[in-house]
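A.B. asks: Fit chain L to the known structure of chain Y by using the hints.
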Amino acid sequence: MIITEILTKETIHLHLSADSKTAAIEQMATLLSEQGFVSDAQQFVSDVLKREESSSTGIGFGVAIPHGKSAGVAKPALAFAKFEQPVEWKSIDEKPVSMAFLIGVPLEQAGQEHLKILTTLARKIIHESFRDQLLQATTPEEILQTLQF
Amino acid sequence: MVTQTSIIQNEQGFHMRPAQLFTELANTFESEITMTATGEDDEINPKSILGLMALGLEKGASVTISAEGPDEAEAVAALAALIASGFGE
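Chains as they are written, first to last, in our numbering: chain Y, 1 to 149; chain L, 1 to 89.
Chain Y extracted, bound-state conformation (with noise of 0.2 Å):
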C-alpha cells in the first residue's frame, strides 16, 4: 500500500480547529469529501463515530487513526490533520491527541485494504522521527514528502 497513492495534497489540513473528536472526524471527512473520496459525508461520520464508541481509535503519542468502513465512501481515502489545540480522544494513553489520520474505505472492499493501511501507518508512527517529522512539517508537500514510502 503506497499511501500517497490515497492522500493528496487537498486532503491534508495542517492547522485544523476543533473543540471535540467529533468536529475534528467532521472537518476531516469534510475534506474526503470535498475531493470525492466520500461520497456521504454524514454517513461517513456516523460509521466514523460509531467505530469509536467500541473503543477509541487514539493510539497514544499524541497520535489518532480514526477509521471507518462505509456505504459513504466511494474510494479508499486518507486525510491527515494537526490540531491547533490538541483534542481530547479519550486515548489509550489517556493524553489528547495532536494529530489524526482519517481512513474511509468503502463497504464492499473493507476486507483488507483497511488493514493495509493501518499496517502501513503503524509501521511508521512508531518511530520518534516519523512523529516528529508530521510535528515539525508546516506545508502539505512536506507531509507527503515524509509519508513517501
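There could be a bad hint or two in this list.
Stated by the list, open to error - Below are the BS3-like pairs computed for lysine-lysine, each with C-alpha atoms no more than 25 Å apart in a straight line:
#1 Y:Lys90 - Y:Lys124
#2 L:Lys47 - Y:Lys95
#3 Y:Lys75 - L:Lys59
#4 Y:Lys116 - Y:Lys50
#5 Y:Lys75 - Y:Lys9
#6 L:Lys59 - Y:Lys50
#7 Y:Lys116 - Y:Lys75
#8 Y:Lys116 - L:Lys59
#9 Y:Lys75 - Y:Lys95
#10 L:Lys59 - Y:Lys124
#11 Y:Lys116 - L:Lys47
#12 Y:Lys50 - Y:Lys90
#13 Y:Lys82 - Y:Lys95
#14 L:Lys47 - Y:Lys124
#15 Y:Lys90 - L:Lys47
What the hints assert, rightly or not - Sample of chain Y residues with no beta-carbon within 12 Å of chain L, all distances over it, derived:
#16 Lys9
#17 Leu14
#18 Thr30
#19 Leu49
#20 His67
#21 Asp93
#22 Ser98
#23 Pro106
#24 Glu142
Keep in mind the hints are simulated off the structure, nothing from the lab. Note that CB positions come from ideal geometry on N, CA and C, so glycine has one too.
C.D. replies: Below, chain L alone, put in the same frame as chain Y:
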C-alpha cells in the same frame, strides 16, 4: 520461557479493535511478552498497540507468542486463547 504459536482466525485480521483487546490483556501480565509473525525477524512487544498493528497479521497468519516472568504460562495461554476466539468477530 513459554512459547506458543497461534493462527489468526478472524476474517479481518489484527485490525485496531483486536489489537486493542490484545494489548489490554497483555498489559494485565507482569511477564515480558514478545511476538513475531512466524518466519519474520521483527520482534514486537504486544503491550504496545502500534507494535501489534505493525505486524499486519491477516486471517490465517501464524504468530509466535513468548513470555518470560512470574506469570509466563498464564500469559501465553490467555493471549493464545484470545486469538483462537477470533476476538468475538
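A.B. asks: Just to be careful, I want the Cα atoms of Lys116 (chain Y) and Lys59 (chain L) compared with a cutoff of 25 Å; is the pair within it?
C.D. replies: Satisfied, since the Cα-Cα distance of roughly 13 Å is no more than 25 Å.
A.B. asks: Is Lys59 (chain L) close enough to Lys50 (chain Y), meaning Cα to Cα at most 25 Å?
C.D. replies: With a Cα-Cα distance of about 24 Å, the restraint between Lys59 (chain L) and Lys50 (chain Y) holds, given a limit of 25 Å.
A.B. asks: Take a quick look at whether Lys50 (chain Y) and Lys90 (chain Y) sit within 25 Å of each other, Cα to Cα.
C.D. replies: holds (14 Å)
A.B. asks: When you check the alpha-carbon spacing of Lys59 (chain L) and Lys124 (chain Y), does it fall within 25 Å?
C.D. replies: Cα-Cα ~22 Å, so holds.
A.B. asks: Just checking, Lys9 (chain Y) versus chain L, shortest CB gap more than 12 Å?
C.D. replies: holds (26 Å)
A.B. asks: Can we trust that Pro106 (chain Y) is non-interface, i.e. its beta-carbon lies farther than 12 Å from all of chain L?
C.D. replies: holds (15 Å)
A.B. asks: When you look at the beta carbon of Leu14 (chain Y), is every beta carbon of chain L farther off than 12 Å?
C.D. replies: holds (23 Å)
A.B. asks: Hey, Lys90 (chain Y) versus Lys124 (chain Y), does the alpha-carbon distance stay inside 25 Å?
C.D. replies: Holds - the C-alpha atoms of Lys124 (chain Y) and Lys90 (chain Y) are around 22 Å apart, at most 25 Å.
A.B. asks: Assess, step by step, whether the Cα of Lys47 (chain L) is no farther than 25 Å from the Cα of Lys124 (chain Y), and give holds or violated.
C.D. replies: The hint holds at about 18 Å.
A.B. asks: Decide if the proposed pair is consistent with the structure: Lys90 (chain Y) and Lys47 (chain L), CA atoms, cutoff 25 Å inclusive.
C.D. replies: Holds, because 18 Å separates the two Cα atoms, which is no more than 25 Å.
A.B. asks: Are all beta-carbon distances from Leu49 (chain Y) to chain L longer than 12 Å?
C.D. replies: Holds: least Cβ distance 15 Å, greater than 12 Å.
A.B. asks: Was Asp93 (chain Y) rightly flagged as not at the interface, with every chain L Cβ beyond 12 Å?
C.D. replies: With a cut-off of 12 Å, Asp93 (chain Y) comes too close to chain L, as the shortest Cβ separation is near 10 Å.
Checked against the numbered hints given earlier, the structure breaks hints 9, 20 and 21 and satisfies all the rest.
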